[in-house]
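Asks: Residues per chain, in single letters:
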Amino acid sequence: MATKSAHHGDNYINFEKGLWSWLTTVDHKRIGLMYMISVMFFFFVGGVMALLLRLELFAPNATANVGQVLKNGDVYNQVLTYHGAIMVFMVIVPGIPAILGNFFLPLHLGAKDVAFPKINLASWYCFMAGAALAVLTFFFNKIDTGWTFYTPYSIRTGTATVMMVLGAFIMGMSSVLTGLNFIVTVHKLRAPGMTMHRMPLFVWALYSTAILQMLATPVLAITLLLLAAEKLFGVGIFDPALGGDPVLFQHFFWFYSHPAVYIMIIPAMGVVSELITTFSRKVIFGYTAIAYSSLGIAAVSFFVWGHHMFVSGQSETAGIIFSFLTMLVGVPTAIKMFNWVATLYKGSISFDSPMLFALGFLFLFAIGGVTGIMLATLPIDVHFHDTYFVVAHFHYVMVGGTLMALMGGFYYWFPKMFGKMFNENLARLSFVFIFIGFNVTFFPQFILGAMGMPRRYFDYIPAYETLNKVSTVGSWLILTGFLFGLYAIVQGIRKGPKASMNPWNSKTLEWQTSSPPPHDNFAVEPIVTAGPYEYR
Amino acid sequence: MSTDSTTHGGVRSAHVSHHFKTAEQEYDSGKQGIWLFMVTEILMFGAILVGYAIFHNIYPEMFAEGAKTLDWRMGFVNTLVLIFSSFTMAISISYVQRNEQKKAAIALATTILCGAIFMCIKYFEYSHKFHLGLYPGRFLDVAKVGAEHANLGMYFGFYYCMTGLHGLHVLIGMGLIAWLLIRTIRGDFHSQYWIPVEGVGIFWHIVDLIWIFLFPLLYLVG
Ligand code: HEM
Ligand SMILES: [Cu+2]
Chain A
1 MATKSAHHGD NYINFEKGLW SWLTTVDHKR IGLMYMISVM FFFFVGGVMA LLLRLELFAP
61 NATANVGQVL KNGDVYNQVL TYHGAIMVFM VIVPGIPAIL GNFFLPLHLG AKDVAFPKIN
121 LASWYCFMAG AALAVLTFFF NKIDTGWTFY TPYSIRTGTA TVMMVLGAFI MGMSSVLTGL
181 NFIVTVHKLR APGMTMHRMP LFVWALYSTA ILQMLATPVL AITLLLLAAE KLFGVGIFDP
241 ALGGDPVLFQ HFFWFYSHPA VYIMIIPAMG VVSELITTFS RKVIFGYTAI AYSSLGIAAV
301 SFFVWGHHMF VSGQSETAGI IFSFLTMLVG VPTAIKMFNW VATLYKGSIS FDSPMLFALG
361 FLFLFAIGGV TGIMLATLPI DVHFHDTYFV VAHFHYVMVG GTLMALMGGF YYWFPKMFGK
421 MFNENLARLS FVFIFIGFNV TFFPQFILGA MGMPRRYFDY IPAYETLNKV STVGSWLILT
481 GFLFGLYAIV QGIRKGPKAS MNPWNSKTLE WQTSSPPPHD NFAVEPIVTA GPYEYR
Chain B
1001 MSTDSTTHGG VRSAHVSHHF KTAEQEYDSG KQGIWLFMVT EILMFGAILV GYAIFHNIYP
1061 EMFAEGAKTL DWRMGFVNTL VLIFSSFTMA ISISYVQRNE QKKAAIALAT TILCGAIFMC
1121 IKYFEYSHKF HLGLYPGRFL DVAKVGAEHA NLGMYFGFYY CMTGLHGLHV LIGMGLIAWL
1181 LIRTIRGDFH SQYWIPVEGV GIFWHIVDLI WIFLFPLLYL VG
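Chains A and B, in that order, give the protein sequences. The first sequence begins at 1 in the numbering used here and counts up one residue at a time. The second sequence begins at 1001 in the numbering used here and counts up one residue at a time.
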């Protein structure tokens, strides 16, 4: 079929025309862009909800003007649930693998496409269908369980939990299909000479993530199905009134959802490895250590779920064991951290906007990681459990970590994806606002948590007021940053100057083809003779 | 699973999708994809089995009481039916590989028939339970049924969830085999191309295998 591109356009964007050609495409690059648009949309929705939550928390409810934007606790709980569920299931989990992974994994390997292009398209439709089902519940019967759907509350409350949970189930299928596709692509479609140890570290990260997706998601799937069955048919597995065990739900849920937080962060680490080596112009330090530590994190992540249940009535012995195992995750994570820092050391660092995001990642993820170890320490968690300390911790990891990497990766690969350059100053401005705003928003929450402010509450005592005000103002700075970023992207796509084949002088394969790439990725199949980072 | 024919001298040539280089590469990829998907299926049933094991441990007598209400003969017949259907599914693949499309079609049709018999027996089992008032969880009326254990409903919660999910897989499998049957009659599969037949076959074997676990656990243990 290679002749086809001759009488069509010269790149994947103008290869075929019309909305229909996009909705039926099996080109992994187009599917990546479709994911990008959908995820950005959901990020916008979840973001508006975040701003509303913060606005509500600007002042105690006694203050009539802004203290009551969300009317009452019920509305707050609903907005909180949708914010959490949308951000987790529709933004951060699919984010990097589905957008950047879909687009670049085959390019990185020198392949023409992923192994199963039609399944790839089907996984986008699954994602959209599941997300639609979940978001539409908002217009029927708002969910207020929190994104974790803890029993027994979720089986008693009269909301549309079943529909929401089915939505999450279908999105899980989409995630499994993407993971499956990536694994087979890595195993079977590498270009000649592309050995496993010549794969870029981003590919290694996606590969480890894919294994996690395949192993963890089915457990969530059955848990959610059982929850739905519990609600519809009262099967009695999670309902204490029928002899069931609500903590079993938590065990099942976190057996998925803890590995899932690594589904969110490992791809980010992969992106950061690419950025650090490219913008330090140095061979990455400890290639194999970084590659295998991804697998290491994936493996350990299955044995730590109990740290979410330190205070939910599991045995003390279990608590101690989980506490210990959780700290083990620190080892492969630290290996990566040290390797990145060693790569930066004596590198010729250029502070282009993607690199700024990567450095932001290092800084914020370090704070998120260290506070994670604090929470893994059993006696500390008994104190901090369900306070704002936890909220600050996971935002540092998920937003400071994953989102920073997603943004950095997006700016880095923007020229390849669209064949245009964005305005560098706007991008840097966007970074500065997001980075400062982020710390202003979430750092005070560590203190609030240590002072004892509980999470998931819509009101607080006057002692917490000042720090909450600071935090809310920070959320406006983040908003400003994202608006600058959006403007940079839209202007770049519309009017940006034409990008060269390899604007950052990177060494990985995707930069060896034109920008944007042709439909079949490479005009001639590349033959790989060296590793991915032969800088100096 | 199959005899992998690497010779391509046949009359019909293999179809190779544009992003693969050789038919072997495409065949290996497809096979790996199916197996990975099966891993997720097994894990999904695995989790519910873990739940079953936990509660079986806590309430052994209640599970024993529940198991007594099931008719092991029906379960046993169903086990035989499924094992036979696995056999017909397997020979359909080897017929396709030998270009004996007509025999392959008959084997596939027999497999669908077995699935239908399985579902019929399930239907009678279910309706009999409903008739006796043996509903899952909170719908089971302990007094009316005369149950010894107050939460006997949970046993039926597991029973309906596990067999229901399995039954759903049987139905999906039957749909997929029907699709194979149509394509086989159309002549889409031959000695150079049979990936879908083998893929669905693997799915069907795994669904059978899961039943072989469910049957003793639900009907015999206790
Ligand atoms: C960018 C600005 C953001 C702000 C201002 C913000 C604000 C908030 C607030 C106020 C809460 C409620 C905390 C509580 O009472 O427990 C919350 C919860 C949460 N947020 Fe964010 N958020 C932001 C971004 C994100 C992003 C990008 C994610 C992506 C993963 C995220 C994930 C969550 C989750 C999972 C919860 C927990 C929901 C729950 O407890 O059910 N947030 N956020
Ligand atoms: Cu965890």
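Mixed in with the good hints there might be a few duds.
To be verified - Taking lysine to any residue and the SDA-like style, the derived pairs with C-alpha atoms no more than 25 Å apart in a straight line are:
{"id": "1", "chain 1": "B", "residue 1": "K1021", "chain 2": "A", "residue 2": "F15"}
{"id": "2", "chain 1": "B", "residue 1": "K1031", "chain 2": "A", "residue 2": "G158"}
{"id": "3", "chain 1": "A", "residue 1": "K142", "chain 2": "A", "residue 2": "G158"}
As the list claims (entries may be wrong) - Ranges between beta-carbon positions, derived for each pair:
{"id": "4", "chain 1": "B", "residue 1": "G1175", "chain 2": "A", "residue 2": "A241", "range": "55 to 63 Å"}
{"id": "5", "chain 1": "A", "residue 1": "D74", "chain 2": "B", "residue 2": "G1164", "range": "45 to 53 Å"}
{"id": "6", "chain 1": "B", "residue 1": "L1209", "chain 2": "A", "residue 2": "E316", "range": "35 to 43 Å"}
{"id": "7", "chain 1": "B", "residue 1": "D1071", "chain 2": "A", "residue 2": "F140", "range": "38 to 46 Å"}
{"id": "8", "chain 1": "B", "residue 1": "Q1032", "chain 2": "A", "residue 2": "A129", "range": "38 to 46 Å"}
{"id": "9", "chain 1": "B", "residue 1": "A1116", "chain 2": "A", "residue 2": "V311", "range": "16 to 24 Å"}
{"id": "10", "chain 1": "A", "residue 1": "N61", "chain 2": "B", "residue 2": "W1179", "range": "35 to 43 Å"}
{"id": "11", "chain 1": "B", "residue 1": "C1120", "chain 2": "A", "residue 2": "I320", "range": "33 to 41 Å"}
{"id": "12", "chain 1": "A", "residue 1": "Y457", "chain 2": "B", "residue 2": "I1058", "range": "49 to 57 Å"}
{"id": "13", "chain 1": "B", "residue 1": "A1053", "chain 2": "A", "residue 2": "M40", "range": "42 to 50 Å"}
{"id": "14", "chain 1": "A", "residue 1": "V382", "chain 2": "B", "residue 2": "Q1032", "range": "44 to 52 Å"}
Calculated directly from the structure, the hints in this document are not laboratory data. All residues carry an ideal CB built from backbone N, CA and C; glycine is no exception.
Asks: Decide, hint by hint, whether the structure agrees.
Replies: Against the structure, the hints come out as follows:
no.: 1; hint: B:K1021 / A:F15; verdict: 22 Å, holds
no.: 2; hint: B:K1031 / A:G158; verdict: 44 Å, violated
no.: 3; hint: A:K142 / A:G158; verdict: 9 Å, holds
no.: 4; hint: B:G1175 / A:A241: 55 to 63 Å; verdict: 38 Å, violated
no.: 5; hint: A:D74 / B:G1164: 45 to 53 Å; verdict: 34 Å, violated
no.: 6; hint: B:L1209 / A:E316: 35 to 43 Å; verdict: 39 Å, holds
no.: 7; hint: B:D1071 / A:F140: 38 to 46 Å; verdict: 42 Å, holds
no.: 8; hint: B:Q1032 / A:A129: 38 to 46 Å; verdict: 26 Å, violated
no.: 9; hint: B:A1116 / A:V311: 16 to 24 Å; verdict: 52 Å, violated
no.: 10; hint: A:N61 / B:W1179: 35 to 43 Å; verdict: 59 Å, violated
no.: 11; hint: B:C1120 / A:I320: 33 to 41 Å; verdict: 53 Å, violated
no.: 12; hint: A:Y457 / B:I1058: 49 to 57 Å; verdict: 35 Å, violated
no.: 13; hint: B:A1053 / A:M40: 42 to 50 Å; verdict: 44 Å, holds
no.: 14; hint: A:V382 / B:Q1032: 44 to 52 Å; verdict: 46 Å, holds
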